[in-house]
Structure formats: structure tokens, C-alpha cells
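Engineer: Okay, here's what each chain looks like letter by letter:
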Amino acid sequence: MFHNFGPLYAFTLKSRIRSKAFLISTALTILFIFGFTNIDRIMSSFEDSEQASALVVSENTELVDTMKSLGYEDVASSEITEEEARAGINDGEYGVVAFVDGYDARVISERPEQEFTTLLQTSLQQLRNAELIESSDVDPAVITALSEPIQLDESYLGRGGENSDELLSSSALVYVMLMLLYISIITYGSMISTEVTTEKSSRVMELIISTTHPVTHMLAKVTAIGTLALIQIGIFLGFGYVSASGSELATTVIENAGNARAVIYLLVFFLLGYLLYASLFAVLGSLVSRVEESQQMVMPVIMLLVAAFLVAMFGLNNPDATIVTILSFVPFFAPMLMFLRVMLVDVAVWEVALSIGLLIGTIGVTLWIGSKFYRGGVLFYGTNAIKQWRQILQNRQ
Amino acid sequence: MALHIERVTKEFGDFKAVDDLTFRVPQGEMFGLLGANGAGKTTTFRMILDILKPTDGSITWNGKAVDHRIVGYLPEERGLYPKSQVREQLVFLASLKGMRGSDAKRAVKSWLERLEIPQYETMRVEQLSKGNQQKIQLVAALLHNPELVILDEPFSGLDPVNVEILKREVLALRDAGTTIVFSSHRMEHVEELCQHVGILKGGRAVVSGDVPTIKSRYEEPALFIETDQIHILESLPVVETIEPYKSGHLVRLHSFEDSDAVLSALVRHQANVKTFMRQPVSLNDIFIKEVGQHVS
Numbered sequence: 001m002f003h004n005f006g007p008l009y010a011f012t013l014k015s016r017i018r019s020k021a022f023l024i025s026t027a028l029t030i031l032f033i034f035g036f037t038n039i040d041r042i043m044s045s046f047e048d049s050e051q052a053s054a055l056v057v058s059e060n061t062e063l064v065d066t067m068k069s070l071g072y073e074d075v076a077s078s079e080i081t082e083e084e085a086r087a088g089i090n091d092g093e094y095g096v097v098a099f100v101d102g103y104d105a106r107v108i109s110e111r112p113e114q115e116f117t118t119l120l121q122t123s124l125q126q127l128r129n130a131e132l133i134e135s136s137d138v139d140p141a142v143i144t145a146l147s148e149p150i151q152l153d154e155s156y157l158g159r160g161g162e163n164s165d166e167l168l169s170s171s172a173l174v175y176v177m178l179m180l181l182y183i184s185i186i187t188y189g190s191m192i193s194t195e196v197t198t199e200k201s202s203r204v205m206e207l208i209i210s211t212t213h214p215v216t217h218m219l220a221k222v223t224a225i226g227t228l229a230l231i232q233i234g235i236f237l238g239f240g241y242v243s244a245s246g247s248e249l250a251t252t253v254i255e256n257a258g259n260a261r262a263v264i265y266l267l268v269f270f271l272l273g274y275l276l277y278a279s280l281f282a283v284l285g286s287l288v289s290r291v292e293e294s295q296q297m298v299m300p301v302i303m304l305l306v307a308a309f310l311v312a313m314f315g316l317n318n319p320d321a322t323i324v325t326i327l328s329f330v331p332f333f334a335p336m337l338m339f340l341r342v343m344l345v346d347v348a349v350w351e352v353a354l355s356i357g358l359l360i361g362t363i364g365v366t367l368w369i370g371s372k373f374y375r376g377g378v379l380f381y382g383t384n385a386i387k388q389w390r391q392i393l394q395n396r397q
Numbered sequence: 001m002a003l004h005i006e007r008v009t010k011e012f013g014d015f016k017a018v019d020d021l022t023f024r025v026p027q028g029e030m031f032g033l034l035g036a037n038g039a040g041k042t043t044t045f046r047m048i049l050d051i052l053k054p055t056d057g058s059i060t061w062n063g064k065a066v067d068h069r070i071v072g073y074l075p076e077e078r079g080l081y082p083k084s085q086v087r088e089q090l091v092f093l094a095s096l097k098g099m100r101g102s103d104a105k106r107a108v109k110s111w112l113e114r115l116e117i118p119q120y121e122t123m124r125v126e127q128l129s130k131g132n133q134q135k136i137q138l139v140a141a142l143l144h145n146p147e148l149v150i151l152d153e154p155f156s157g158l159d160p161v162n163v164e165i166l167k168r169e170v171l172a173l174r175d176a177g178t179t180i181v182f183s184s185h186r187m188e189h190v191e192e193l194c195q196h197v198g199i200l201k202g203g204r205a206v207v208s209g210d211v212p213t214i215k216s217r218y219e220e221p222a223l224f225i226e227t228d229q230i231h232i233l234e235s236l237p238v239v240e241t242i243e244p245y246k247s248g249h250l251v252r253l254h255s256f257e258d259s260d261a262v263l264s265a266l267v268r269h270q271a272n273v274k275t276f277m278r279q280p281v282s283l284n285d286i287f288i289k290e291v292g293q294h295v296s
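These protein sequence lines map, in sequence, to chains C and V.
Numbering of the first sequence is given in our numbering, commencing with residue 1 and proceeding in unit increments.
Numbering of the second sequence is given in our numbering, commencing with residue 1 and proceeding in unit increments.
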């Protein structure tokens, strides 16, 4: 039955890897990853870091020194009038002028100078506080004690981690994995249905199906695109690791990923989830004859996937919720939700085994029913596959 | 060695696409399967290829089930990967037939040269003209040196020069001992190439056998005459009907033995005769008579 699996697998993988679409999407995603992981550095490089040249008109001689001590370099004391200030700003002689009366201030500038106003406000506040403390004769130690934060240590007994830092890092890993599962199933799943539909619409299918069992063809497509997914995700993760190295999120995720248990569950649920959805996509792709129709056909499956993803996002903060527990046994939700549960809460071994068992069983049933439709579907060039399902099944008797 | 189609029926639900079809093609012969659109030709081909299972009856090659590796197939709806390189996909399609990569590469080269298109080896299929894509498709069918070749409408879409190249190759294949089954709407091609034909109507074979025998069965005593005095023949008792045909007239007789009487009447009246010949029966006539419609 698996006759010709090898050539089909190799040809599909090779043509996909060499396609322009693959090269472009890989390059764009790498660019996106680079941008995402270096967002801070990129943003700061675009920020206008030059401070506007500032003048302060104030009787308080300490104000300029305080501002300088807080980091505003280009500031000086001056005695100019408001008219002179306006003219100077218009001429570009200075960027911003503040008129300070007591602890109240009026700022004139060409456009908002947020850094200046924030530092001016902080400086005035500091000076006023100092004056108030000095005049009211309060022990400075009391003032220090008042502003000290309360220490709160939490301990969690669940799976996710012993304290909030660990919980955050395992949630981050689960989040990354859920995103990966969701995006890759949609991307590679629709790639499979498109691939099958393209072979049908270009009529190559007739040649292939005369030499190869339809189920072998379907499995070769699913595994070839699966391999492509692993290669592409491998490239992204490798690049993401290099690009993000040093950032806090990357460090915690990598520490967790070093945990063998997490890696094994990740792989198992990723592969089973991919297999289930990919075989569905392949069968749906076989039922239509044009690529545009295939997008429409796979919509219900994508909706199912979106539903699973939304429940999983909710489950990130509520891994104990009943709906999450129940749906973690339902095969179409299990890859995301059971993974989420084993990572964040205590789950009995039988529960995981049952969920995986149901998932494998459903994949088997999907492949079996799918193969019946696939055999007839690949030769079906009608317009309404749903209405004509009987004819599709009769196509091969 | 032969292809045997024995009482094969294929039903899709209530619809009978092929109904009790029987024919045999001896090795090294060419069999023409004719029929209007929807007559069951492609369904028959798909059953030979085991893409479809017959509801009833059997299809065998030398007494055994047909092994896909000995069959070459040119489908009616041409199918190639538009974005793939010519050589690459030919090697891939050959590998599905069990051919080794290095053998396939050599065969691709030699076939492209035979069909006078070696320059397309590394081009993408979508860059080629329709006619050249069709040649590539033919190479895909023949690359693995099949014993049985099925050609579904091999000449459609080709210009006259390429039709001749293709005919030459098909005849060379037959002479080398390959058994060929093909369908065509072009009766003159079938007549020229095939020893045996079968005409399908509504899934049933209405005519089947070797071409000369079928023709003799359908031959009618008729003469094609071009003359300026056709009215002379109207009063002859041996003449049944006279009807205008092409640039002259078709004169139907009781029997060909009456031809002499017609000729002597024309000579006697010193008529100016440009053409006087037995009207041959063509497959096209037989087809129209049996299927009851013109083929497009």
C-alpha cells in the first residue's frame, strides 16, 4: 500500500522548499522575528534622543541643578521675558522655555517636550517635598519608611512553577507553543489542501492516482508538508534564539525548554495535532477542483482551530476551569488544551493517556473515512462536493 | 499477449457509464476506441488503469490483472506541474512507474531529442506552448518503455507538423511491439493508424472489429460522379437515387455490378466526365450512422 510513498514525499518536499513562496515567506518571517525580538533596540534607535535646548526662568536657583542631576543636560537659568522666549523659540535659538512661579510652571515650546516637562515636574516635586519636610520637623527616617514597598512572597503548589516568576515562564512557553501550533496548523494545513487541489486542477492527479494508492498519496503529502513545517520552524526557532539571546523572555523560555518533559509533550501534541488537522485539510482539498474553492472548503476546520485557540488563551489564566478540563479530552481541542494543562496544573497520567489515545483514535478514523472520500474526491470535478458526496463515494467501488 | 476486456460494466449509482463491454487487443496492435463525449471512453481507460474498479466483468493483460508499471497513459485532460522543470517532473513521474533516476534522466534526454524539443529540458512547463506541453505529456506516458500505451485524444491541440511527428512516433512504438489503445475524435487518424476499432454509444459497443471487415459490412453501392450531364442518369433503371455531394453527385445503385451501365450511358451521351469513382465508406460515415450525431 505504501508503494511510491518515497518519490511522492521527496518530490513534494523538494518542489516546496525550492518554491519562491517558501523562500519569501521564510525571509519575511525571519525579518519579523528579528524585528519582534529586537523591538526595544529598534524603537530606541528611532527615538529623538536629542534633548531640546531649555531655559528656565525661576527664582529658585536649585531647580536647574536638580534637573541636571536627574539627567537633563541642556538646561540653563535665564531672565528673559515671555515675548523674548516666543521669538527665540520661533528662531530656533532654544527648544523650550519654562516660567516658574513658586512651584507652579508654564512651559512654552514648538511641540510637546515630554522629557523636559516630566523632569521639570519631578524636580519641582522634589524641591517642594524637601522644603515641606524641613519646615514640618518630621524625622527623615519616618519619611523613608513611608515610601518603602511591602514584601510579598507567594508559593504555588501547582505544576506551573513554585513562584510567580516560574509561573510566568511556563505560561510564556505554553503561549509560544500554542501560537506555534495555531499558526503552523493554519499555514501548513491550508498548504496541503492547496497542494492537493492544485494537483487536481492541473490534472496531474490522474497520472499519480493511476500509479499510487490514494491513501499513500495523502500520507505522502501530509508527511512532506509536515517535514517542511519542521524545517521552517527549526529555522525560525534557531534564528529567534540567536536574535533574542540576552532578552529575559528568551532566557526563561529556553530554561524551560531544557526541561525534557516539556519538550516531549510539546513534540507529541504538536505532531498529533498537526496530523489530525492536516489529514482533514487533505481530504477537504481533494473534494474541490479549484484553489479558490479550497479556501472556502477548509473554513469550518479553521473555525474549529480558532475556537480551540481562544479557549486555550482563556485557559492560560484559568488552567483549572471546567471547560478547559472537559475540552482537553476532545480531540480537536486536545493538542492545545491538554498541553496547556500538563504544563500549568497537576494532571493524572491516565488523563493524559486518555486524551492522547482519543486523539490517535480520531486521527485513525479521520484517515479511514478520509481515504474513502479521497479516493473518489480526487476524480470528482463537480461543483458541489457536499451535495454530491454519494457520487464521490461511488467513484470507487 | 493481449489486453482482454471481458463483459465489463461500470455503474455510478443508477448511471451506467459502461455497459457489458468486450474487446481484445492483441500485442503490437493499435486499437481505436471511438465515441461521442460521455460515451464511456475515459471511464474504460480509467478501469484499465485500475483508477476505477469495474462493477462487473474483468480486465486482464496476458491473463493477469493489469500492473500499472507496464502501462503508459496520456490522459485527455493534460496534467503536468506548471511550476516544475520539465526534466525534474518527467523523472518524478517515471519514478512512480518504478524507473531508476539515472535511467529516467537518460530516457528524458533521448525522448526530447526524438520529439525535436531538447532545448526545453530545463525549462518550467508553464513556459512552453500548449503543443509542446503535450509533447512533454506524451514523453511522460512513454518514458518507462511501457508494454501497453493508452492515449486519450493524443492529437488534440497539435498543429499539422506536430501531428505528423506524433504519428511517426506512435507507429514506431507499434512496430516495436507496443500495444496501443487510443481514442480520437479525428476519424481519419483512427482509420490511418488502427487495425481494430470499437465504437461506443451510451457505454455499449455498437461496432467492434477490424477496420476492413467493418467497412465491407457498411459499404453501400454508390458512385461519386462529377459531370456536366448528371440528368442523363435520372432515367436509368439501375440508379436508385442521385443526390448532390461535394463538387459532384452521389449516385446510389442496386449493386456495384451496375456501374458499367452507368459509365456506358455517360459515354453514349458524350458527357464530359471529370470524376467517376466508387464512393468509399469512411469510419466517419459509420460513426455518424451508428452514433447518430457528428463528433466535435
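Among the hints, a few may not be true.
[As the list claims (entries may be wrong)] Only pairs whose alpha carbons sit at most 20 Å apart, straight line, appear in this in silico SDA-like list of lysine to any residue:
| # | chain 1 | residue 1 | chain 2 | residue 2 |
| --- | --- | --- | --- | --- |
| 1 | C | K14 | V | V291 |
| 2 | C | K20 | V | K83 |
| 3 | V | K130 | C | R203 |
| 4 | V | K201 | V | K83 |
| 5 | V | K109 | V | M99 |
| 6 | V | K83 | C | T198 |
| 7 | V | K83 | C | V291 |
| 8 | C | K20 | V | K130 |
These are computed hints drawn from the structure, not numbers from a lab.
As the structure is a prediction and not an experimental result, all values here were calculated from the model.
Engineer: Of the hints given before, which are not true for this structure?
Structural biologist: 1, 4, 8
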